[in-house]
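Those sequence lines, one after another, are chains A and B. The first sequence begins at 1 in my numbering and counts up by one. The second sequence begins at 1 in my numbering and counts up by one.
No lab work stands behind these hints, which were simulated from the structure alone. Each residue gets a CB set at the ideal place from its N, CA and C atoms; glycine is no exception. Wrong hints could be hidden among the right ones.
[To be verified] Chain B side only, calculated, beta carbon under 10 Å to chain A, not exhaustive: (1) S34; (2) L50; (3) D53; (4) L55; (5) E58; (6) T96; (7) A103; (8) K135.
[What the hints assert, rightly or not] Just a few of them, taken from the derived set where beta-carbon distance is under 7 Å, the chain A residues facing chain B: (9) Y33; (10) G54; (11) G55; (12) L109; (13) D112; (14) G163; (15) V170; (16) L172; (17) Y187; (18) I202; (19) S204; (20) L215; (21) T231; (22) V240; (23) L251.
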Amino acid sequence: MNIAVLAKLVPDLVEELTIDSAGAKLDLAFARYIINELDDHAIEQGILLKERFGGQVTVVVPEGDGADDVLFTAAAKGADRLLKLTGFSPDIGNTRALAHHCSEIIRELKPDLVLTGVQAHNDLDGSLGSLMAGLLELPYVGYLSGVAIQNGAASVRKEYPGGLIAEFDVTLPAVLGIQAAEQPPRYVAVSKVRQTMKTATIESMPASAGASAPLLTISRMYKPEAAQHATMLAGSPEEVAAQLIGIFKELGVL
Amino acid sequence: MGNDVCVVIEHLRGQVSDISYVMLAAARGLAESSGGKVLAILLGHGAQDLAQDLLADEVLYADHPELADFTPDAYEAALVQLLGEKQPRAILLGHTSIGTDVAGTLSVRLKLPLVSSCRQITPDGKYVSQICGGKIMAEGQLPVPAAVVTMTPGGYKPEQGRGSARPEVTAIQPPPLTPMRTKLAKYIEPAGGDVDISKESLLIAVGRGIQNQDNISLAEELAKTLGGVVTGSRPVIDQGWLPTSRLVGKSGKHVKPKVYLALGISGAPEHVEAITDSETIVAINTDPAAPIFDLAKYGVEIDMFDLLEVLTTKAKEAKAD
Numbered sequence: 001m002n003i004a005v006l007a008k009l010v011p012d013l014v015e016e017l018t019i020d021s022a023g024a025k026l027d028l029a030f031a032r033y034i035i036n037e038l039d040d041h042a043i044e045q046g047i048l049l050k051e052r053f054g055g056q057v058t059v060v061v062p063e064g065d066g067a068d069d070v071l072f073t074a075a076a077k078g079a080d081r082l083l084k085l086t087g088f089s090p091d092i093g094n095t096r097a098l099a100h101h102c103s104e105i106i107r108e109l110k111p112d113l114v115l116t117g118v119q120a121h122n123d124l125d126g127s128l129g130s131l132m133a134g135l136l137e138l139p140y141v142g143y144l145s146g147v148a149i150q151n152g153a154a155s156v157r158k159e160y161p162g163g164l165i166a167e168f169d170v171t172l173p174a175v176l177g178i179q180a181a182e183q184p185p186r187y188v189a190v191s192k193v194r195q196t197m198k199t200a201t202i203e204s205m206p207a208s209a210g211a212s213a214p215l216l217t218i219s220r221m222y223k224p225e226a227a228q229h230a231t232m233l234a235g236s237p238e239e240v241a242a243q244l245i246g247i248f249k250e251l252g253v254l
Numbered sequence: 001m002g003n004d005v006c007v008v009i010e011h012l013r014g015q016v017s018d019i020s021y022v023m024l025a026a027a028r029g030l031a032e033s034s035g036g037k038v039l040a041i042l043l044g045h046g047a048q049d050l051a052q053d054l055l056a057d058e059v060l061y062a063d064h065p066e067l068a069d070f071t072p073d074a075y076e077a078a079l080v081q082l083l084g085e086k087q088p089r090a091i092l093l094g095h096t097s098i099g100t101d102v103a104g105t106l107s108v109r110l111k112l113p114l115v116s117s118c119r120q121i122t123p124d125g126k127y128v129s130q131i132c133g134g135k136i137m138a139e140g141q142l143p144v145p146a147a148v149v150t151m152t153p154g155g156y157k158p159e160q161g162r163g164s165a166r167p168e169v170t171a172i173q174p175p176p177l178t179p180m181r182t183k184l185a186k187y188i189e190p191a192g193g194d195v196d197i198s199k200e201s202l203l204i205a206v207g208r209g210i211q212n213q214d215n216i217s218l219a220e221e222l223a224k225t226l227g228g229v230v231t232g233s234r235p236v237i238d239q240g241w242l243p244t245s246r247l248v249g250k251s252g253k254h255v256k257p258k259v260y261l262a263l264g265i266s267g268a269p270e271h272v273e274a275i276t277d278s279e280t281i282v283a284i285n286t287d288p289a290a291p292i293f294d295l296a297k298y299g300v301e302i303d304m305f306d307l308l309e310v311l312t313t314k315a316k317e318a319k320a321d
């Protein structure tokens, strides 16, 4: 079972996002990047599948701040091959172009299974997995929280609202969009990642020619203009707690 | 390309999903301004009755056993044929577990751009999308001559897309739909859990800000004192800190408690859509820009760990009085 996992870096939402002076894109000069959380789950799911069914896991990450860390961390967790897409930086509105580049890599790798996070918080022109499946003419199922391999096909658990799960059989090769791995992404110590850096190799994969330019035009970006805002309670923790107790009493829950 | 706006109706186990009505409402303004019609695309098997309250100018209904339940392959095949023939101005799908499974492949196969996380479509054809966990709005003209759009809730009320008169329903012939590469094997019902959080009147909800599993006990203690139940947002459930039955959000339960106390929850759209029916939301967060403060009635910009024990103590005192 050869598995390819695609992961990308996204701005950390814990940091304040700022919009540049032209007002149509984020000013990312000082942004901190982290792995897209759902891609981290996709890596975990890939490694779980390798542990259960054997095979090799290849992780592909576009270049950018933190890309090497993501790749070496994946290797420390059990990934076998590390690829860095160079010459292309993911940004808001160019996921389709990213899908084009990644699908070229997938055509070379010819994996049985392609895993990626079902979405990223900065997707504006679709999610990577679904777009890639279209480009590669492979089946796609997303919002998955479980993947097993049976009789040469994938058996996947797809989440619907309200906690309902649908189990699908999917012929391979396929692209799967992961919502959550079957267990939380494993922790690896920094020392182990550092050790891996001494032995693992990152291969560069230049972006292919002919990627389409962004198909979307963003004319304006802004922070949501809320119709309302909470009444903010202020004071020391004791004072705030006293106010909250008063509110709970008023609302009849105390 | 034409001027019609096509809405792919989502339904699950015999029920039309609210997002379908939201999309019908969004489609109306664009269709009117472009001189087209709102066409609802209903795929199913013996499901024509689901068309009865769709506020559409026409419902195009494809009936086939392979369409009885959603499968990405069957939907994609049926939609590519139908939409390729219709060539509408826009194709709306839910930004949901169903819609996003086909939106990407559909846009590639129809060679159309895709706009995702769209909250509103203005009558003059502008998309307004909410991204970055609800912290950023992005807008621009819908690509011409046509685009695929995935819609999120929040921009329109479902009632705006419900009609009182049964619309005209036209049967259409789907393409051959066998063999499919994705096949539904079975549904697995939600785990029962110890409580039904959709029926509780006080929910103490913890988000990523709770930091680790040990800290859940702080929320449990407060819940026990107040007579509430602890729930969690997606990251908390994915870490295994709370059972799935306590998940509030897009894939979990929609809740409507008397009080929803949100601890360290930022207010990402996937979470917000599940709590908007709460009577009163109280949000505790260290980030003054957290979107949850735009939904909450009361807010406190404070580290929850400075507050929780004090609040629990005061609640115990109040109960003892």
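Okay, the hints, checked on the actual structure:
For the restraint placing S34 (chain B) at the interface with chain A, the shortest Cβ-Cβ distance is roughly 18 Å, beyond the 10 Å limit, so the hint is violated. Checking L50 (chain B) against chain A: minimum C-beta separation of about 17 Å lies over 10 Å; hint violated. Here the hint on D53 (chain B) is broken, as its CB sits about 20 Å from the closest CB of chain A, past 10 Å. Interface restraint check: L55 (chain B) against chain A, minimum CB-CB distance 22 Å, threshold 10 Å, status violated.
Look at E58 (chain B): its Cβ only gets to about 28 Å from chain A, farther than 10 Å, so that hint breaks. Taking 10 Å as the C-beta cut-off, the interface hint given for T96 (chain B) holds, the closest approach to chain A being about 8 Å. Of the supplied interface hints, the one on A103 (chain B) holds, with its beta-carbon coming within about 6 Å of a beta-carbon of chain A, less than 10 Å. With a cut of 10 Å, the hint placing K135 (chain B) at the interface with chain A holds, because the nearest CB-to-CB distance is about 6 Å.
Using the Cβ-Cβ criterion of 7 Å, the hint placing Y33 (chain A) at the interface with chain B is not satisfied: the shortest such distance is roughly 13 Å. Violation of the interface hint for G54 (chain A) is found here, the shortest Cβ-Cβ separation to chain B being roughly 23 Å, above the 7 Å cut-off. Given the 7 Å rule on beta carbons, the hint for G55 (chain A) is violated: about 21 Å separates it from the nearest Cβ of chain B. A cut of 7 Å between beta carbons decides the hint on L109 (chain A): the least distance to chain B is about 20 Å, and the hint is violated.
The beta carbon of D112 (chain A) comes no nearer than 14 Å to any beta carbon in chain B, farther than 7 Å, and the hint placing it at the interface is violated. Hint status for G163 (chain A) relative to chain B: holds, with the closest Cβ pair at about 3 Å, below 7 Å. Because the smallest distance between the Cβ of V170 (chain A) and any Cβ of chain B comes to about 5 Å, under 7 Å, the interface hint for this residue holds. Given hint, L172 (chain A) at the interface with chain B, is violated; its Cβ is 9 Å from that chain's nearest Cβ, farther than 7 Å.
Interface restraint check: Y187 (chain A) against chain B, minimum CB-CB distance 11 Å, threshold 7 Å, status violated. The beta carbon of I202 (chain A) is not positioned within 7 Å of any beta carbon in chain B (closest approach about 28 Å), and the interface hint is therefore violated. With its C-beta approaching chain B no nearer than about 27 Å, S204 (chain A) sits outside the 7 Å limit, and its interface hint is violated. The beta carbon of L215 (chain A) comes within 4 Å of a beta carbon in chain B, closer than 7 Å, and the hint placing it at the interface holds.
Hint on T231 (chain A) holds. Least Cβ distance to chain B is approximately 5 Å, under the 7 Å limit. At a threshold of 7 Å, the smallest CB-CB gap from V240 (chain A) to chain B is about 5 Å, leaving the interface hint in force. The restraint placing L251 (chain A) at the interface with chain B holds, with a minimum CB-CB distance near 6 Å, inside the 7 Å limit.
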